[in-house]
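Trainee: Let's have the full structure, built from the sequences with the hints guiding it.
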Amino acid sequence: MSRVWLVIVGMAVATYLTRAPMFLALAHRPLPPRVRLWLRLVPLAVLPALALPMVLVRDGRLALGLAHPPLWGAVVVFVLAARGVNLLVSVAAAVAVVALLRALG
Amino acid sequence: MREGLVASLALVPSVFVYGSVFGGLAVQAGLTPAQVLGMSVLVFAGAAQFVAVPMIAAGTPLLAIIVTTYVVNMRHYLMAATLAPSFRGFHRLWLALIAHLINDESFAVAVARSRPPDARVYLGSALAISGAFVGGVGVGVALGGLVERPERYGLDFAFPAVFLALVAVQLRRRTDWLIAVSAAAFAVLLALVLPGNWHIVVAGLAVSALGARVLPVEEP
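If you read the protein sequences in the order shown, they are chains A and B.
In terms of this note's numbering, the first sequence opens at residue 297 and continues consecutively.
In terms of this note's numbering, the second sequence opens at residue 0 and continues consecutively.
Everything labelled a hint here was simulated from the structure, so no lab data went into it.
Glycine included, each C-beta is placed from N, C-alpha and C at the ideal position.
Please note: incorrect hints may appear among the correct ones.
Pulled a few chain B residues facing chain A out of the computed Cβ check, cut under 7 Å [what the hints assert, rightly or not]:
{"hint": "1", "residue": "55"}
{"hint": "2", "residue": "63"}
{"hint": "3", "residue": "73"}
Non-contacting residues of chain B with respect to chain A, defined by C-beta distances greater than 12 Å in every case (computed) [claimed, not checked]:
{"hint": "4", "residue": "1"}
{"hint": "5", "residue": "5"}
{"hint": "6", "residue": "8"}
{"hint": "7", "residue": "130"}
{"hint": "8", "residue": "137"}
{"hint": "9", "residue": "145"}
{"hint": "10", "residue": "164"}
These stretches of chain B come out as covered by chain A in the derived footprint (C-beta under 8 Å, 3 or more residues) [to be verified]:
{"hint": "11", "stretch": "10-21"}
{"hint": "12", "stretch": "105-114"}
{"hint": "13", "stretch": "167-174"}
{"hint": "14", "stretch": "179-185"}
Mentor: Below, the structure written as structure tokens:
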């Protein structure tokens, strides 16, 4: 089995473990409020922790220059999505900005 | 069940396009069509799949990818716990299968209709959403192979762009901003010193756990 398939099976098992246990236990009691709060905050913390280093870190170094196209793409997608513009439209606009800046630079 | 299907129709086009964008980008990143479709059926979690593909392409260690997937999907615990009481009386085999279809969109549809959510509304929605997603991935896989040199069109930037858009729509309270900005700053610092993309899991878990400990509990 190739490495990629191993990753996929591992991801499938990890994901199923987030879905099935609570569902099958038919949780009679609601989760404690602090645990609910934590589970609500996890994606709020994980998604920026994922996105910002992809935009700001290149080859182990901080890339903060104004001539760095992904920085402008990030501003565009964030502002559009925050204003309620459709997710895919926001992403497409940011991708277009990055492509344009790269073509110009 | 029909009620859930119909209520989800408005979401079907965007889930379909989201799936096809994923399919196209994943093929671009070097996965085979079978791997992309296999992942979409077996994992069936859009955000986590978007997270995993660039990590796979970058040769990130297996364990880091799997743990990151787990953390990105931890929100399912909350949805599973909320949905579970509505499914009393279903056979365990069905429950094991239905659990796999838990997704953000169907959860939102079912909870918006009634509290506690209705099992049949939820099921109808889950069928519509999973069909739209996997169908979209199939189309994306077919189209994705047609684009050469994706970075020329900025397509590599689509991954962080999706994550940023998903964050932007979740920031409602001032404390949400506090969590997101702290996690981002901590992750950037860690990314400069830690190998193998562990900064995502470490920053994500540490900041959310700290937030859950010190922030006031308020039910939505």
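Trainee: Hint by hint, note whether the structure agrees.
Mentor: For each hint, the structure was consulted:
1. Here the hint on residue 55(B) is kept, as its CB sits about 6 Å from the closest CB of chain A, short of 7 Å.
2. About 10 Å separates the beta-carbon of residue 63(B) from the nearest beta-carbon of chain A, more than 7 Å, and the hint is not met.
3. Evaluation of the residue 73(B) hint against chain A yields a held restraint, the C-beta minimum of about 5 Å falling below 7 Å.
4. A cut-off of 12 Å between C-beta atoms confirms that residue 1(B) is not in contact with chain A; the least separation is 23 Å.
5. The Cβ of residue 5(B) lies farther than 12 Å from every Cβ of chain A, with a closest approach of about 21 Å, so its non-interface assignment holds.
6. Every C-beta of chain A lies more than 12 Å from that of residue 8(B), the closest at about 16 Å, which supports listing it as non-interface.
7. Taking the minimum C-beta to C-beta distance to chain A, about 18 Å, the non-interface status of residue 130(B) holds against the 12 Å cut.
8. The claim that residue 137(B) is not at the interface with chain A holds, since no C-beta of that chain comes within 12 Å of its own (minimum 16 Å).
9. Distance check for residue 145(B) against chain A: the nearest CB is about 17 Å away, which clears 12 Å, and the non-interface claim stands.
10. Not every Cβ of chain A is farther than 12 Å from the Cβ of residue 164(B); the closest lies at roughly 4 Å, contradicting the non-interface assignment.
11. Only when three residues or more bring their CB closer than 8 Å to a CB of chain A does the claim for the stretch 10-21 of chain B stand; here the count is 4, and the claim holds.
12. Evaluation of the coverage hint for the stretch 105-114 of chain B: breached, as 0 residues show C-beta separations to chain A shorter than 8 Å, against a requirement of three.
13. Check on the stretch 167-174 of chain B: 4 of its residues sit with their Cβ under 8 Å from a Cβ of chain A, so the three-residue criterion for coverage holds.
14. Requiring three or more residues with a Cβ within less than 8 Å of a Cβ of chain A, the coverage given for the stretch 179-185 of chain B holds, as 7 such residues are present.
Taken one by one, the earlier hints fail for this structure at numbers 2, 10 and 12, listed in ascending order.
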